[in-house]
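Novice: Each chain, letter by letter, is given below.
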Amino acid sequence: MSNAARKLDPGIGRLEPAAAPAARSAPELDRLIHERVRLGIVSALAANESLTFNELKSLLQITDGNLSVHARKLEEASYLTCTKTFEGRLPRTEYRLTPKGRAEFEKYLAHMESIVAAMKSSMHPAD
Amino acid sequence: MASPASKSPLEIHAHATSNLRFIRDTMERASTFTAVPGWGGVFMGLTALLASFICLYLPKEWWLSIWLTCGMIALGFGSLAIFEKARRNGAPLDSPGARKFALAFAPPLGVGAILTVALIHAGAYRLIPGALLLLYGISVLGGGAFSVRVIPIMGVCFIALGSVALFVPLLWGNILMGVGFGLLHIVFGAIIARRHGG
Numbered sequence: 001m002s003n004a005a006r007k008l009d010p011g012i013g014r015l016e017p018a019a020a021p022a023a024r025s026a027p028e029l030d031r032l033i034h035e036r037v038r039l040g041i042v043s044a045l046a047a048n049e050s051l052t053f054n055e056l057k058s059l060l061q062i063t064d065g066n067l068s069v070h071a072r073k074l075e076e077a078s079y080l081t082c083t084k085t086f087e088g089r090l091p092r093t094e095y096r097l098t099p100k101g102r103a104e105f106e107k108y109l110a111h112m113e114s115i116v117a118a119m120k121s122s123m124h125p126a127d
Numbered sequence: 128m129a130s131p132a133s134k135s136p137l138e139i140h141a142h143a144t145s146n147l148r149f150i151r152d153t154m155e156r157a158s159t160f161t162a163v164p165g166w167g168g169v170f171m172g173l174t175a176l177l178a179s180f181i182c183l184y185l186p187k188e189w190w191l192s193i194w195l196t197c198g199m200i201a202l203g204f205g206s207l208a209i210f211e212k213a214r215r216n217g218a219p220l221d222s223p224g225a226r227k228f229a230l231a232f233a234p235p236l237g238v239g240a241i242l243t244v245a246l247i248h249a250g251a252y253r254l255i256p257g258a259l260l261l262l263y264g265i266s267v268l269g270g271g272a273f274s275v276r277v278i279p280i281m282g283v284c285f286i287a288l289g290s291v292a293l294f295v296p297l298l299w300g301n302i303l304m305g306v307g308f309g310l311l312h313i314v315f316g317a318i319i320a321r322r323h324g325g
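Protein chains in written order, with the numbering used here: chain A, 1 to 127; chain B, 128 to 325.
Here chain B stands alone, though its shape is the one from the complex (with noise of 0.2 Å):
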C-alpha cells in the first residue's frame, strides 16, 4: 500500500468526497424508503384516467364498481412494482425505513375501506370521493415522512383534491378523482422516475 502521506491534495479531496457521498447514502438508505414506485405511479395514474373516462360513459350505477376495480389493480400494480424497484436498486423492504412507511401508510387505506362501505351503507356517495382522495392523502403524507422528499407534497395535492371534492356534486366528484388518482399520480410518477431511479 502507498503510503498516505504521498497523496496528493486532489486525490485526498477525492477521497473525502467520496466518504461524504458514502455517509450521505448510507444514513439516507437506513431511514428512508427509496423504492418508491415512479414508473408504477404512471400505470397506476393511467388506469385511474382510464376509469375516469369510461365512468363519464357508463351508467351512473356502475361508478363505485367500476372505481373500486381500477383500485384493486392500481393496489396490486404499485406493490408489485415496490418489490421490484427495490430489487433492482439493492434496497432491503424490510429495512426500519420501508417498515415506518408501512406503518404510516397502511393505516388510512384501511379506514377508507371501511369509511367507503359505511358511506355506502347510509347511500351518502357524494361523499365517497372526497373521503377516498382525503384518506389516501393522509397515507401518502405520513408515508412520505419516512421517504423521498416529494412524496409529502403529492400527499397534501391529494388532501386539498379531496376538501374540495366534499362539497361537490358526484359528477364533479368523479373528475376530481381523475385528477388526483390520476393526473397527481403521473406527474409525481415521472418526476419520481426522473430523479429516484424509476
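Only chain A is shown next, with the shape it has when bound in the complex (with noise of 0.2 Å):
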C-alpha cells in the first residue's frame, strides 16, 4: 500500500488490529456497520425514534429473514434494543437505536467523510 493510500485507508483492510499496532490511533472501521443491510438499519433508526420490523423492511427493501438476521447482529452488539409486543393478535417488533449504536453510527459518518476530505485536499493541495 502506498503512503497516500494509507493516509486515506486508515481501517478498511485492518481485520486484525494488533498486527497493525503503528496505526492504532487512526479509527478503526466499525465492520459491524459498514455491510449495507446494517448501514440501512442503523441509518434509518437514526432518522427516527423508532421504526417496526415491517417500516423497516419496507423501507430497505429486503426480505424478512435478512432483516431479522442483520437486526440481531446489530442487538447482539446492543447497538439497538428489539421490543416485541402484541397488537390485538398480530405481534409487533420495534427497533431502537440505543445510545452506543448512535455513537458508533457517527463515528462511522466522521470515518466517511474524513475519507473524502482527505481525498479532496490530497486532489486540491491548495485549498
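No lab work stands behind these hints: they were computed from the structure. Treat the numbers as computed from the prediction; the structure is a model and nothing was measured. It is possible that some hints are incorrect.
Unchecked claim - No farther apart than 25 Å at their CA atoms in a straight line, the calculated lysine-lysine pairs in the BS3-like style are these:
{"id": "1", "chain 1": "A", "residue 1": "100", "chain 2": "A", "residue 2": "120"}
{"id": "2", "chain 1": "A", "residue 1": "84", "chain 2": "B", "residue 2": "187"}
{"id": "3", "chain 1": "A", "residue 1": "57", "chain 2": "B", "residue 2": "227"}
{"id": "4", "chain 1": "A", "residue 1": "107", "chain 2": "A", "residue 2": "120"}
{"id": "5", "chain 1": "A", "residue 1": "84", "chain 2": "A", "residue 2": "73"}
Starting from two chains that each stand alone, build the complex the way the hints lay out.
Specialist: Following this line, the structure appears as C-alpha cells:
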C-alpha cells in the first residue's frame, strides 16, 4: 500500500487491529455497521425514534430473513434494542437505536467524511 | 473477493462517497414524505386558474359551487398523483414520513370544510376565500415539515395571500384564490417536478 493510500485508508483491510499497531490511533472501520443492510438499518433508525420490523422491511426493500439476521447481529452488539409486543393478535417488533449504536453510527459517518475530505485535499493541495 | 488492501485510494474514496450517499438517502426516505406530486400540482393549479376565470364570467351566485367542484377535482387528482409518484419512485406510502405528513396535512383541511359551511350559513361569503387560503396554507406548512423543503415555503405564501384575502371584496377574493390555488400550485409544482422527480 502506498503512503497516500495508507493516509486515506485508516481502517479498511485491517481485520485484525493487532497486526498494525502503528495505526492504532486512526479510527477503526466499524465492520458491524459497514455492511450495506446493517448500514441501512442503523441509518433509518438514526432518523427516527423507533421503527417497526415491517417499516424497516419496506423502507430497505429486503426480505424478512435478511432483516432479522442483520438486526439480530446489531442487537447482539447492543447497537439497537428490540421490543416485541402484541397489537391485538399480531406481533409487533419495534427497533430503537441505543446511545452506543448512535455513537458508533456517528463515528462511522465521521470516518467516511474524513476519507472524502482527505481525497479532496490531496487532489487540491492548495485548498 | 479482492483484498481490500489492494484497493486504490480512488476506489476507497468512491466507496466512501457512495456510502455517504446511501446513508443520506436512507435517512431521508425513513423520515420524510417524498411523494409530493409536482406535475399533479401543476394540473391542480390549472384547474384552479380555470375556475377563477369561469367565475369572472358567470353569475355571482355560482362562484362557490364552481370553486368547490374545482376543489374536489383537484383533491381527487392530487391523491391519484401521490399514489402514482409513490409507486414510480418505490417510496412506501405507509412509511413514518408519509404518516406524519398525512397527520399534519389533513386536520386543517377538515377544519376548512367545517368553517366554510359555517361561513355559508352565516352568509359571510366574503370571508370564504381568505379562510380557505389560510387553512390550506396551514395544511401545506404543517405537512411540509415532513417533506421536501420547498413545501413549507409554499404554505407560507398561501397564508400570506389568505391574510390579504380576508380584508378585500369578494371579487378580489376570487382573484386571490386564482393566484393561490392556481399560480402557486403551478410554480411550486414545476419546481418539485424538476427537483424531486416528477
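Novice: Take the hints in turn and mark each one as holding or not.
Specialist: Right, here's what the structure says about each hint:
{"no.": "1", "hint": "A/100 / A/120", "in the structure": "violated (30 Å)"}
{"no.": "2", "hint": "A/84 / B/187", "in the structure": "violated (60 Å)"}
{"no.": "3", "hint": "A/57 / B/227", "in the structure": "holds (19 Å)"}
{"no.": "4", "hint": "A/107 / A/120", "in the structure": "holds (20 Å)"}
{"no.": "5", "hint": "A/84 / A/73", "in the structure": "holds (17 Å)"}
The structure shown violates the earlier hints numbered 1 and 2.
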